[in-house]
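Sequences listed follow chains H and Z, in order. Heads up: the first sequence begins at 1 in the working numbering, then just goes up one per residue. Heads up: the second sequence begins at 1001 in the working numbering, then just goes up one per residue.
There's no promise every hint is true.
What the simulated footprint calls covered on chain Z by chain H, stretch by stretch (three residues with Cβ under 8 Å from a Cβ of chain H suffice, anywhere in the stretch; the number is not a length) [what the hints assert, rightly or not]:
| hint | stretch |
| --- | --- |
| 1 | 1072-1078 |
| 2 | 1273-1285 |
Straight line, CA to CA, 30 Å or less: simulated DSS-like cross-link-like pairs of lysine-lysine [what the hints assert, rightly or not]:
| hint | chain 1 | residue 1 | chain 2 | residue 2 |
| --- | --- | --- | --- | --- |
| 3 | Z | K1263 | Z | K1428 |
| 4 | Z | K1081 | Z | K1239 |
| 5 | H | K181 | Z | K1378 |
| 6 | Z | K1033 | Z | K1439 |
| 7 | Z | K1263 | Z | K1033 |
| 8 | H | K181 | Z | K1439 |
| 9 | H | K181 | Z | K1428 |
Listed below are several chain Z residues computed to face chain H (Cβ distance under 8 Å; list not exhaustive) [what the hints assert, rightly or not]:
| hint | residue |
| --- | --- |
| 10 | M1317 |
| 11 | S1336 |
| 12 | P1337 |
| 13 | E1338 |
| 14 | I1341 |
| 15 | A1343 |
| 16 | Y1347 |
| 17 | R1354 |
| 18 | L1357 |
| 19 | A1358 |
| 20 | E1360 |
| 21 | M1361 |
| 22 | L1372 |
| 23 | A1388 |
| 24 | T1392 |
If you're looking for bench data, these hints aren't it; they were derived computationally from the structure. None of the values given here were measured: they were computed from a predicted structure. We put the CB at the ideal spot given by N, CA and C, even for glycine.
The lines below spell out each chain.
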Amino acid sequence: MKILLKNREWLLAGIIILLIIGFSLRSPGFERPANLVNIFNDTSILIILALGQMTVILTKSIDLSVAANLAFTGMAVAMTNATFPGVPLPLLVAMAVGIGALLGSINGILVWWLGLPSIVVTLGTLTIYRGMAFVLSGGAWVNAHQMSPTFLNVPRTSILGMPVLSWVAILVIIAAWIILKRTAFGRSAYASGGNPSAAIYAGIDVGHTRFLAFVLSGALAGLASYLWVSRYAVAYVDIAQGFELDSVAANVIGGISIAGGIGSVLGAVLGAIFLGVIKNALPVIGISPFAQMAISGIVIVLAVVFNARAEARKGRIILRDRAATEQSKEAAA
Amino acid sequence: MRAETQTINMTEASSPTPVLEMRGISQIFPGVKALDGVDIALYPGKVTALIGENGAGKSTLVKILTGIYRPNEGEILLDGKAVTFHGAQDAIDAGVTAIHQETVLFDELSVGENIFLGHAPKGRFGLIDWKTINERARILLEQLESTIDPTIRLKDLSIAQRHLVAIARALSVEARIVIMDEPTAALSRKEIDDLFRIVENLKRQGKAILFISHKFDEVYEIAENYAVFRDGRMVGAGKLTATPQDEIVRLMVGRDVKDAFPKQAVNIGGTVLSVEDYCHETEFRGISFDLRQGEILGLYGLIGAGRSEFCQSLFGMTRPASGTLKLNGKAVTIRSPEDAIRAGIAYVPEERGRHGLALEMPIYQNMSLPSLSHTSRKGFLKAANEFALARTYATRLDLRAAALSVPVGTLSGGNQQKVVIGKWLATKPRVIILDEPTKGIDIGSKAAVHGFISELAAEGLSIIMISSELPEILGMSDRAIVMREGLVAGRFERAEFSPEKLVRAATGNA
């Protein structure tokens, strides 16, 4: 199983490389390092959201409110910056993470205390958070000229050839890996999704674990909100509309099981990059903007079909000799 | 209506030949002979009670009759002619229908839809003919002396009414043979009376009924004939009027098994756990006992007697309404499984797949799951500690696996069971609750598990063993508590164990 998962991730990485090669044949220069850094930078926000989403999905839940959370928190941060240009940036970022975490904890509490299905809860809060963004802004936009230069420039500052935005994504990837692989919380998240009943017997508070996952997802959405507003230099009610689906798609493509309990950080990151490459390449190779959405949709469905087939292959291995070879293969790995 | 039933009654009464007969039926599964040369006959207008312990082969017989299994040996005669059921549909076509323990119906559909789901009468253009459905449903329900409106949704009915719908569904396919698999398990006394009136009605219509039940009072009330199964064989059959209850109990338990179990002599120490007057609002009441060091306490009863529910509340999964719990003389309050594990109570749940293991996770992670607070430091996992813990218990339990990092799902059933037990031993419990420890594992593994339970007791662990298998209780326990309908129905020391006493207490046959 483990080797299969690893295989799947390497396979996805291979497909991404093939895509890049293919696209650069159509459009020379696509493969240049500068362009690839650009694509990664473009995908950074999706990666951050996808990792929060992944933690939630691992616990057999889903967070559809991430994009709305991003819109509200982004609006709050942008308005604060516009009204009080003197507030230092670290404080603004902390505020973004804090507000995001708070909104996430509302999802978490509804799921934990009331035992409501997360899809229902977050469908509701999705509308509420975006509605709150409307109330907060009164429908007005915050434009680039209202934002302070620090607010706009820090994520674009280049360090060792990569913008700070990309470095933030890399730090989040490392943090997510440590949290999910190396902490008791991460293990509880896998167990709560893999077999909730067994987790309860093992003394894991499944509800509390889910709550924490939602808080984490909310905090990352908050962080992403500042990055988004700064990158696009604008805040309005409809930013990141539909982006929650991209965060789910990145996970599904990356082999994170929607049923919970299975998946790796590397998978989610590769899933996000895969989406990033497709979205960046389609305009470059001259696909009509009208067809782009449909084509990315088809690609997502293909990835899901591929994953479903990969998952169907696991199951019980009843034949003794097969089980033995599978085991020795894994032992060798 | 009435006149019609009368005539059927007249004709059936004069035909003493069985409508269905099974001869020499054997069903072999890998490693197990579930049925061994069984004969049984069902007569029109008569109820035959099928009696036997859990695992005696009753369910297998039902599955053969309903076409789900094909027997390895033997023949089924319908009206004296040999038939073969290739699938469930063949059995239905032959007029065999079964009402299961947990009736499979759909809450959100109407009564009529539930009755005709899958064989709905079609009208013009192949569309479903609602008028006919509701009309025929009404007639079926009237035959059962019920006035339930076929258009209301199932979820608005009482449990007894749902049963009626299930029966109507069974009859909607022109059934001649009706199998009722523990139909009274979830019913109140009044609902049982209603059900029995329906059964009487079915008898008058000439249906042959196979009635499976553990409860002797019911069997004597409703059935004419009986057949007792034990270990896959039919050990006795005949007319109930000529057979006293004691005889049936003797047939059912039939053997002395104490010596076949690897029980070690253990010096039983002082009281470890004492439970006083544990009560739950709906599941159990007034449970008290002391559990001593090195003791195996058997908890026997029929399925649904409240044993698991009681033990789950000991383990903090549910909160009792009242009662106190003392561990080593100190009162403790257990609010969650985490508290229980910390206090030294472990619960090895029934159904290893559903409650015991995360099959995708590696062996070592499954083993360390309840012990994470010991193997991790400040919330960070220490893989080396987890592997050390897993290795210790894997060696001790003789776990066969290529590596401790392979997913548990790749192991055989017996080895999976070892992982479950290992992960609980790793919490270093003082009290371990085993819920049906040998259910669904083969005979060889059973003996190994029994040997291991004995060793644990010898090492000073106190054990509460829930089991529905009488020989296991008799063979392994130092003491047994029998529960029935949420109450303690009997307490027995090992010296006074007898199968008859325990079965009587469990079935309420005083």
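The hints, checked one at a time:
1. 1072-1078: The restraint on the stretch 1072-1078 of chain Z is violated, since only 0 of its residues have a Cβ under 8 Å from chain H and three are required.
2. 1273-1285: violated (count 0)
3. Z:K1263 with Z:K1428: With Cα atoms ~22 Å apart, K1263 of chain Z and K1428 of chain Z stay inside 30 Å; holds.
4. Z:K1081 with Z:K1239: With a Cα-Cα distance of about 25 Å, the restraint between K1081 of chain Z and K1239 of chain Z holds, given a limit of 30 Å.
5. H:K181 with Z:K1378: 15 Å, holds
6. Z:K1033 with Z:K1439: 16 Å, holds
7. Z:K1263 with Z:K1033: 26 Å, holds
8. H:K181 with Z:K1439: 35 Å, violated
9. H:K181 with Z:K1428: 25 Å, holds
10. M1317: Status holds, d = 7 Å.
11. S1336: 7 Å, holds
12. P1337: 4 Å, holds
13. E1338: 4 Å, holds
14. I1341: 4 Å, holds
15. A1343: 11 Å, violated
16. Y1347: 6 Å, holds
17. R1354: 6 Å, holds
18. L1357: For L1357 of chain Z, the interface hint holds, since the closest Cβ of chain H sits about 6 Å away, which is under 8 Å.
19. A1358: Since chain H brings a Cβ to about 4 Å from A1358 of chain Z, closer than 8 Å, the hint holds.
20. E1360: At about 5 Å, which falls below the 8 Å cut-off, the nearest Cβ of chain H leaves the hint on E1360 of chain Z intact, so it holds.
21. M1361: Result: holds, 6 Å to nearest chain H Cβ.
22. L1372: This interface hint holds because 5 Å falls under the 8 Å limit.
23. A1388: 16 Å, violated
24. T1392: Violated. Min distance 18 Å.
Consistency with the previously given hints fails for numbers 1, 2, 8, 15, 23, 24, ordered from lowest to highest.
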